[in-house]
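Asker: Each chain is listed here by its residues.
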Amino acid sequence: MRNIGLVREGPYHYGPIPMKHVYVVDAGWLWNEPPVYVGMMDPTGVVYHLNKGVSPNYTGSPGLTENWYKGLDAKSYCVSYDKLENEVTGLFHAMTNDWNKWFEENDDPTAKFDAWARQRVLDGTVKNPESWYNQKSAFVRSAQNETTGYYATLPLAVLGAKSSVVSELGESGQFGRSGSRALTEYDPRFAARQMGLDAEHFVNLPKLRQQYVTQVVSLRYKIPALRQSGLSTEQIARTLSAERRALGVLFKNRTPPAELPGIYARNMKKYGDELGPTIDYLRNVKNKSWVEIIESASTPGGTDMGY
Amino acid sequence: MPVRRAEQIWDTKLGKNMIWVQSKDEFDCVAQFDPATGVLGKHSRAALGVVAPTWPEIAGSFSEVKNGAFVLYRYRGQIFLRAFGNVYELDNQTVVNVCGTGFKRRMSIQTMGCCVLDMEYELVSRNAISCDPTPFVEDEDFDFGLFVSNMSKSRERREVMLGKS
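First to last, the sequence lines map onto chains G and S.
Residue numbering for the first sequence follows our numbering, starting at 1 and increasing by one per position.
Residue numbering for the second sequence follows our numbering, starting at 1 and increasing by one per position.
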C-alpha cells in the first residue's frame with residue numbers, strides 16, 4: 001500500500017499555468033490494497049464499491065461532466081469549478097500496470113509523478129486507453145483483470161483535501177500535460193463537515209488528533225465493501241475492531257513518548273490490554289452488540305471530541 | 001497439578017447463588033457476588049490463576065464510587081442493578097438517567113414513569129486522557145452510572161448481556 005489516505009498538507013504542483021478554464025480534478029493514486037474512500041462529496045455524493053478494481057457511482061447534483069481523452073492512459077471526469085462552488089469532486093484516472101511498476105520503483109510519487117507521466121505521454125507508450133473503461137458506463141472498469149492495483153482519487157481518499165487542477169487548455173485539459181497544475185490543500189473545516197463533526201471544535205484539535213479522527217471515521221466507508229464480500233455482522237465487527245486497534249498502535253507510535261506510559265498503564269489496569277478494550281471486553285463487560293461495535297470502531301472517542 | 005475450576009470455588013466456599021462479576025475499574029479484579037445480600041468478595045485474576053472466571057462465567061460488572069458500589073448483573077434471566085443498598089430490575093420499563101459535572105453525579109431511576117431512585121454519587125476518579133488515541137474508550141467507562149444509563153436505554157445491549165444476541 002502506497003498511501004492510505006493520510007491527511008496531506010498541500011499544495012503540491014504539476015507546474016504553474018495561467019488560469020483560463022478551471023476544473024476540479026485530481027491525480028490518480030495507485031494502491032496495492034483497496035483504498036478507503038473517506039469523503040462523501042457534497043453536493044456530488046460518491047457511493048463506493050470495491051472488490052477487485054473499483055466502480056464508484058457518482059450521484060447527486062450537479063452531475064459530473066464526463067470527458068474522454070484519447071491518447072492518454074487517463075480518463076478524466078470533470079465538472080467545472082464554478083458549478084461546485086469550491087467543493088471537491090474527483091477525477092478518476094486509469095493507470096496501466098506500468099504505472100503500478102512506476103510506483104513500485106519510486107517511493108515519492110508527488111516528486112516524480114509529473115515528469116514520469118509526461119514522459120509516458122510523450123513517448124507514446126500508452127496504448128489503447130479505451131479498453132480500460134466502458135465509455136458509456138462511467139467509472140465501471142471494463143478490464144479489471146488488466147490491473148494489479150487499486151485506484152483512488154485523492155479528494156475521496158483524504159478527508160478534507162481540496163484539490164483542483166487548472167488547465168490552460170480548458171476542456172482538453174490533459175492530465176500531466178505540460179502547463180497543468182494541481183493543487184491539494186487540506187482544509188480541516190471541510191474535513192469536519194464531511195465527517196459530520198463540529199467544524200469549530202475539530203479545527204482546534206491537535207493536528208495528530210485530527211489525523212487520528214479522520215482515519216477512524218474512514219473505517220465506516222469500508223463497511224459496504226465488507227458486506228458485499230459476504231461477511232457477517234460479527235465478522236465485520238471483528239475486522240473493524242482489529243483495524244481500529246491497529247490504528248491505535250499507529251497513532252500511539254506518534255504520540256509523544258512521555259504520554260505513552262500513562263496511556264498504556266491506564267489501559268492495562270482498566271481493560272487488561274495496553275491497546276484498550278478487546279472485543280471480548282466489549283462483548284462481555286460492556287455488553288456491546290456487534291452493530292454497536294461496528295459503530296464504535298468508526299467513531300472517534302475521547303473527552304476532547306465533545307461527546 | 002489438578003486444575004480447579006472457578007465453579008468449584010464458589011460451590012464449596014460461597015454457595016451456589018454466588019455469581020462472578022468483573023470490576024470496571026480494574027481488569028485484574030473480579031468478585032464473587034451474592035445477589036441476595038449484595039456482598040462482594042473481591043479477588044485478583046492473577047492470584048486466581050487458572051481458576052479465574054472465564055468470560056461466559058462473568059455475569060455482570062461492578063464499580064466502586066465514594067459512597068458505595070454499583071453492581072449490574074444478570075440473574076435467572078433478568079438484569080438487576082444493585083445501588084445504594086437496593087436492587088432494581090433493569091427491564092424494558094426502566095430508564096436510568098444520570099446528570100452532573102466533574103465528579104458529582106445524580107442518578108435517577110424511573111419505572112413505568114415513577115421515580116424509584118434519586119441519589120447522588122461521586123466518582124472516585126475519571127482517568128480519561130485528553131487526546132487519547134485508544135480505541136473504544138467511552139465516557140461510560142469512567143462513570144458506571146452512565147454505563148447503566150446507557151444499558152437501560154439499549155435493548156440490544158441488554159440482550160447481549162442476557163446472552164440473547
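Certain hints may be false.
Derived pair list, reagent style DSS-like, types lysine-lysine, alpha-carbon separation capped at 30 Å [claimed, not checked]:
(1) S:Lys66 / S:Lys104
(2) S:Lys153 / S:Lys42
(3) G:Lys269 / S:Lys104
(4) G:Lys269 / S:Lys42
(5) G:Lys252 / G:Lys269
(6) G:Lys252 / S:Lys164
(7) S:Lys66 / S:Lys153
(8) S:Lys66 / S:Lys164
(9) S:Lys153 / G:Lys207
(10) S:Lys42 / S:Lys66
(11) S:Lys42 / S:Lys104
(12) G:Lys252 / G:Lys207
FRET-style restraints, in silico, Cβ to Cβ [stated by the list, open to error]:
(13) S:Gly49 / G:Pro261: 24 to 30 Å
(14) G:Gln235 / S:Gly49: 31 to 37 Å
(15) G:Leu260 / S:Asp28: 16 to 22 Å
(16) S:Arg76 / G:Ala258: 47 to 53 Å
(17) G:Gly196 / S:Leu162: 29 to 35 Å
(18) S:Glu57 / G:His201: 22 to 28 Å
(19) S:Lys66 / G:Ala265: 21 to 27 Å
(20) G:Leu208 / S:Asn67: 45 to 51 Å
(21) G:Pro224 / S:Asn67: 44 to 50 Å
(22) G:Pro257 / S:Pro56: 37 to 43 Å
(23) S:Tyr75 / G:Gln235: 28 to 34 Å
(24) S:Thr37 / G:Asp198: 45 to 51 Å
The hints are simulated quantities; they were obtained by calculation from the structure and are not laboratory data.
All C-beta atoms, glycine included, are put in the ideal place defined by N, C-alpha and C.
Asker: Against each hint, give a clear statement of whether it holds in the structure.
Answerer: Results of checking the hints against the structure:
no.	hint	in the structure
1	S:Lys66 / S:Lys104	holds (10 Å)
2	S:Lys153 / S:Lys42	holds (29 Å)
3	G:Lys269 / S:Lys104	holds (23 Å)
4	G:Lys269 / S:Lys42	holds (16 Å)
5	G:Lys252 / G:Lys269	holds (17 Å)
6	G:Lys252 / S:Lys164	violated (36 Å)
7	S:Lys66 / S:Lys153	holds (25 Å)
8	S:Lys66 / S:Lys164	violated (34 Å)
9	S:Lys153 / G:Lys207	violated (35 Å)
10	S:Lys42 / S:Lys66	holds (17 Å)
11	S:Lys42 / S:Lys104	holds (26 Å)
12	G:Lys252 / G:Lys207	holds (14 Å)
13	S:Gly49 / G:Pro261: 24 to 30 Å	holds (27 Å)
14	G:Gln235 / S:Gly49: 31 to 37 Å	holds (33 Å)
15	G:Leu260 / S:Asp28: 16 to 22 Å	holds (21 Å)
16	S:Arg76 / G:Ala258: 47 to 53 Å	holds (50 Å)
17	G:Gly196 / S:Leu162: 29 to 35 Å	holds (33 Å)
18	S:Glu57 / G:His201: 22 to 28 Å	violated (42 Å)
19	S:Lys66 / G:Ala265: 21 to 27 Å	holds (23 Å)
20	G:Leu208 / S:Asn67: 45 to 51 Å	violated (39 Å)
21	G:Pro224 / S:Asn67: 44 to 50 Å	holds (48 Å)
22	G:Pro257 / S:Pro56: 37 to 43 Å	holds (39 Å)
23	S:Tyr75 / G:Gln235: 28 to 34 Å	holds (32 Å)
24	S:Thr37 / G:Asp198: 45 to 51 Å	holds (48 Å)
Of the numbered hints given earlier, the model fails hints 6, 8, 9, 18, 20; all others are met.
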